[in-house]
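Sequences and hints are given; from them, build the entire structure.
With our numbering as the guide, the letters of the sequence shown map in order to residues 1 to 216.
These aren't lab readings, by the way, just hints derived from the structure by calculation. Just so it is clear, CB atoms sit at the ideal spot from N, CA and C, and this is done for glycine as well. Take the hints with a grain of salt, since some may be wrong.
[Said to hold, decoys possible] Cβ-Cβ distance ranges computed for the label pairs, FRET-style:
| hint | residue 1 | residue 2 | range |
| --- | --- | --- | --- |
| 1 | Glu94 | Arg56 | 15 to 25 Å |
| 2 | Phe35 | Lys125 | 30 to 40 Å |
| 3 | Glu169 | Lys26 | 18 to 28 Å |
| 4 | Asp129 | Asn14 | 17 to 27 Å |
| 5 | Glu94 | Arg155 | 11 to 21 Å |
| 6 | Thr202 | Lys107 | 12 to 22 Å |
| 7 | Lys149 | Arg56 | 12 to 22 Å |
| 8 | Lys185 | Lys152 | 40 to 50 Å |
| 9 | Glu169 | Ile49 | 21 to 31 Å |
| 10 | Asn183 | Ser63 | 41 to 51 Å |
| 11 | Leu42 | Pro130 | 35 to 45 Å |
| 12 | Lys125 | Gln62 | 35 to 45 Å |
[Claimed, not checked] Here are the simulated lysine to any residue pairs, SDA-like style, with alpha carbons at most 25 Å apart:
| hint | residue 1 | residue 2 |
| --- | --- | --- |
| 13 | Lys107 | Ala153 |
| 14 | Lys33 | Arg99 |
| 15 | Lys33 | Ile197 |
| 16 | Lys168 | Glu198 |
| 17 | Lys149 | Gly104 |
| 18 | Lys191 | Arg179 |
| 19 | Lys149 | Asn54 |
| 20 | Lys152 | Ile203 |
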Amino acid sequence: MNKILFMPYDPNNNSIVVTRMEYGDKGPEIMRKNFKVIEHELSLGHAPIAVWYNGRKQPFVQSFTTGQIYIRGHGMPGFISIEGGRGGERVHYEDVAKRLISSGLPKSYQGDIKCFICHSAESGKPGTDPEITDGQPFAKSLADYLYSKGYKACRYFGYLGSVDSFAKEGSAGKEYYVRTIENGKQVELGKASQACIEFHPTIEMRSFWQRIAGWR
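Okay, here's the thing in structure tokens:
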């Protein structure tokens with residue numbers, strides 16, 4: 001196992017059925033997004049697994065020391081939350097982090113945490129939507145929060161543009177692509193890997209005298 005598809009959605013939320021229909025194995029064949037990702041990754045020799053948040057520690061997460069964690073959902077530029085499927089639960093970046101932590105992710109984790117979410121590397125303009133506060137990208141907000149909780153050995157990433165939820169045929173073969181809208185139609189911009197942006201957490205430095213005084 002070298003990839004986790006992490007689904008940070010409350011199983012007791014009424015809208016979990018929407019999320020399960022889109023990402024789980026209960027929906028129509030056109031959906032089942034996680035299944036399609038796993039199928040494609042297996043064909044490449046990878047070992048992915050989908051982990052759904054359930055409020056308890058999960059062995060796969062607890063044992064994860066390296067590799068890649070892909071957080072799944074829908075997003076918009078600068079939004080503070082992501083959506084678990086169209087009409088699904090909205091989850092604030094702090095809650096995404098808390099749910100990943102409560103699932104057992106060790107602070108020694110040295111792999112990647114990727115917000116595999118549309119526009120998760122893009123800023124938004126404050127005041128244009130209630131979901132936009134300071135306007136910084138969702139991936140940056142998540143990185144800052146997790147770093148503040150002690151997750152300092154891993155790397156954090158977000159994506160520009162609209163990211164394919166599963167691999168599709170395109171100019172470079174069957175891949176995950178990033179797309180935009182032109183004249184009312186989706187247009188391929190390139191591979192998702194080309195639109196993957198690393199975010200470095202903002203480190204709040206305490207002054208020398210604060211440390212001497214024992215401030216925490």
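Quick rundown of the hints versus the structure:
1. Glu94 to Arg56: 15 to 25 Å: Hint holds: Cβ distance 19 Å, inside 15 to 25 Å.
2. Phe35 to Lys125: 30 to 40 Å: 36 Å Cβ-Cβ, so the 30 to 40 Å window holds.
3. Glu169 to Lys26: 18 to 28 Å: 26 Å, holds
4. Asp129 to Asn14: 17 to 27 Å: Check passed, 24 Å falls within 17 to 27 Å.
5. Glu94 to Arg155: 11 to 21 Å: Between glutamate 94 and arginine 155, where Cβ atoms are some 20 Å apart, the hint holds.
6. Thr202 to Lys107: 12 to 22 Å: Distance hint for threonine 202, lysine 107 holds at roughly 18 Å.
7. Lys149 to Arg56: 12 to 22 Å: Because 19 Å falls inside the window, the suggested range holds.
8. Lys185 to Lys152: 40 to 50 Å: Hint holds: Cβ distance 43 Å, inside 40 to 50 Å.
9. Glu169 to Ile49: 21 to 31 Å: Holds - the Cβ-Cβ distance for glutamate 169 and isoleucine 49, about 25 Å, lies within 21 to 31 Å.
10. Asn183 to Ser63: 41 to 51 Å: 48 Å, holds
11. Leu42 to Pro130: 35 to 45 Å: Roughly 40 Å apart at Cβ, these two residues keep to the hinted range, so it holds.
12. Lys125 to Gln62: 35 to 45 Å: Since the Cβ atoms of lysine 125 and glutamine 62 sit about 40 Å apart, the hinted range of 35 to 45 Å holds.
13. Lys107 to Ala153: Since the Cα atoms of lysine 107 and alanine 153 sit roughly 8 Å apart, the hinted pair holds (cutoff 25 Å).
14. Lys33 to Arg99: 21 Å, holds
15. Lys33 to Ile197: With Cα atoms ~23 Å apart, lysine 33 and isoleucine 197 stay inside 25 Å; holds.
16. Lys168 to Glu198: 24 Å, holds
17. Lys149 to Gly104: Satisfied, since the Cα-Cα distance of roughly 13 Å is no more than 25 Å.
18. Lys191 to Arg179: 9 Å, holds
19. Lys149 to Asn54: Satisfied, since the Cα-Cα distance of roughly 21 Å is no more than 25 Å.
20. Lys152 to Ile203: 10 Å, holds
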